[in-house]
Amino acid sequence: MERRRAGAGAIAVAALLTVLVPALGGRAIPGQPQAIDIAAPPQIGDCVLTPPRPPSGLSGRLTTDDAGRVQVGPCTGPRYGEVVGLLSGQVLSSSLDSGRSAVPDEDLAGAACDRMVEEYQEVPPELRDGALYAGTWAAPLFTPTLPMRADALQRAAGRDWTACVAVHFAGGTELGTFPSTLRDSYGTGSPPPGSGECGDAIGTGTAANGAGAVLSPVPCDRPHQVQVFGYDLAASLDALSTDPATGTTARSDADLQASCAGLVALLTRMPDPTAGGSLAVSAGSASAADQGGTGHWVDPSQPVRQCQVIAPAGRLLSGTLLGLDRRPVPWA
Numbered sequence: 001m002e003r004r005r006a007g008a009g010a011i012a013v014a015a016l017l018t019v020l021v022p023a024l025g026g027r028a029i030p031g032q033p034q035a036i037d038i039a040a041p042p043q044i045g046d047c048v049l050t051p052p053r054p055p056s057g058l059s060g061r062l063t064t065d066d067a068g069r070v071q072v073g074p075c076t077g078p079r080y081g082e083v084v085g086l087l088s089g090q091v092l093s094s095s096l097d098s099g100r101s102a103v104p105d106e107d108l109a110g111a112a113c114d115r116m117v118e119e120y121q122e123v124p125p126e127l128r129d130g131a132l133y134a135g136t137w138a139a140p141l142f143t144p145t146l147p148m149r150a151d152a153l154q155r156a157a158g159r160d161w162t163a164c165v166a167v168h169f170a171g172g173t174e175l176g177t178f179p180s181t182l183r184d185s186y187g188t189g190s191p192p193p194g195s196g197e198c199g200d201a202i203g204t205g206t207a208a209n210g211a212g213a214v215l216s217p218v219p220c221d222r223p224h225q226v227q228v229f230g231y232d233l234a235a236s237l238d239a240l241s242t243d244p245a246t247g248t249t250a251r252s253d254a255d256l257q258a259s260c261a262g263l264v265a266l267l268t269r270m271p272d273p274t275a276g277g278s279l280a281v282s283a284g285s286a287s288a289a290d291q292g293g294t295g296h297w298v299d300p301s302q303p304v305r306q307c308q309v310i311a312p313a314g315r316l317l318s319g320t321l322l323g324l325d326r327r328p329v330p331w332a
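Position 204, counted from 1, in the sequence shown is what the UniProt record's numbering calls 204; the numbers after and before it change by one each time, with no gaps.
I should point out that these hints are in silico values taken from the structure, not numbers from a laboratory.
A hint or two may mislead.
[To be verified] Quick list of the computed label-pair ranges, beta carbon to beta carbon:
| id | residue 1 | residue 2 | range |
| --- | --- | --- | --- |
| 1 | S216 | A111 | 41 to 51 Å |
| 2 | T188 | Q34 | 44 to 54 Å |
| 3 | D325 | A254 | 34 to 44 Å |
| 4 | T274 | D184 | 47 to 57 Å |
| 5 | G276 | S318 | 17 to 27 Å |
| 6 | E119 | D325 | 44 to 54 Å |
| 7 | E126 | S318 | 27 to 37 Å |
| 8 | A156 | P271 | 28 to 38 Å |
| 9 | R159 | R326 | 40 to 50 Å |
| 10 | R327 | D37 | 45 to 55 Å |
Note that the Cβ used here is the ideal one computed from N, Cα and C, for glycine as well.
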């Protein structure tokens with residue numbers, strides 16, 4: 001009898017072990033479960049605190065998981081970019097079939113970001129959303145933007161967003177820093193020193209009137225001869241309205257010069273855009289062959305009129321004229 005009991009007990013223990021041992025042999029995970037800290041979306045007015053590597057201009061976009069080197073937060077250090085707007089979820093793109101489709105579209109994000117940076121900086125309403133000043137002049141993009149999307153972990157957690165980040169290219173594709181906030185910078189007349197489109201006149205033509213000159217781009221916070229305030233995108237229409245008998249067009253040189261002066265006055269806020277005659281305001285033509293970064297399509301084989309302010313011979317400008325108002329001209 002005792003043997004039977006002992007045998008039955010052994011069988012019971014063996015059966016119990018067949019249940020317990022697999023559960024204890026590698027299936028159980030020690031420790032306590034931990035919640036993953038998912039970063040919240042950036043806030044409008046936050047800054048990119050570290051320069052992205054490689055330079056973001058090569059890809060045209062930023063991501064917060066760029067090898068962990070893109071840090072966004074309150075502006076307590078160098079400003080390599082400033083968040084000027086947020087787009088919730090995936091950016092919607094146009095579709096001929098349904099009107100809209102929920103797929104990321106960087107071109108649409110870029111257009112939305114351009115509008116947001118104009119509002120953030122209080123760009124004059126006359127020039128927002130690609131409007132032509134006096135029906136003629138297209139102003140160069142005031143501050144370029146790059147879309148920055150949530151990283152993979154944030155998207156997996158349902159936090160999908162696209163932030164519009166205003167940036168400053170110090171040269172080529174290298175990101176420079178802003179010395180101060182961009183918020184209301186045109187409304188207050190205080191855009192960053194490098195804002196605008198500047199350069200030196202080279203090749204044929206002279207800087208005195210801009211006729212036929214080629215503009216070699218130079219950052220506006222470095223010494224330069226010329227600052228461009230607008231491009232005449234309606235120039236191609238002149239050929240359609242030219243009187244074959246007289247060779248004149250519906251838009252006279254005097255009209256173009258007057259509208260150019262109005263554009264410069266609007267953007268510089270200067271009571272006298274010529275600064276007492278020391279600067280020349282010109283609606284001259286220049287070759288488009290070497291004009292990169294205008295933000296507008298031009299035929300490189302054709303001359304294009306540009307509204308520009310030109311320093312006198314022997315002198316250079318060292319900063320932007322945008323929003324200058326009554327402050328001294330930034331001579332080099």
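Against the structure, the hints:
Checked against the hint of 41 to 51 Å, the C-beta distance between S216 and A111 comes to roughly 29 Å, which is inconsistent with it. About 47 Å separates the C-beta atoms of T188 and Q34, a value consistent with the hinted range of 44 to 54 Å. Separation of D325 from A254 is about 27 Å and departs from the stated range, judged on CB atoms against 34 to 44 Å. At about 27 Å, the CB distance of T274 to D184 disagrees with the hint of 47 to 57 Å.
The hinted window of 17 to 27 Å between G276 and S318 holds, with their beta carbons roughly 19 Å apart. For the pair E119 and D325, the beta carbons lie near 21 Å from each other, so the given range of 44 to 54 Å is not met. Checked against the hint of 27 to 37 Å, the C-beta distance between E126 and S318 comes to roughly 28 Å, which is consistent with it. Distance hint check: the CB atoms of A156 and P271 are about 56 Å apart, inconsistent with the given range 28 to 38 Å.
Hint check: R159 to R326, Cβ distance near 47 Å, so the stated range 40 to 50 Å holds. For the pair R327 and D37, the beta carbons lie near 47 Å from each other, so the given range of 45 to 55 Å is met.
Comparing the model with each earlier hint shows violations of hints 1, 3, 4, 6 and 8; every other hint is respected.
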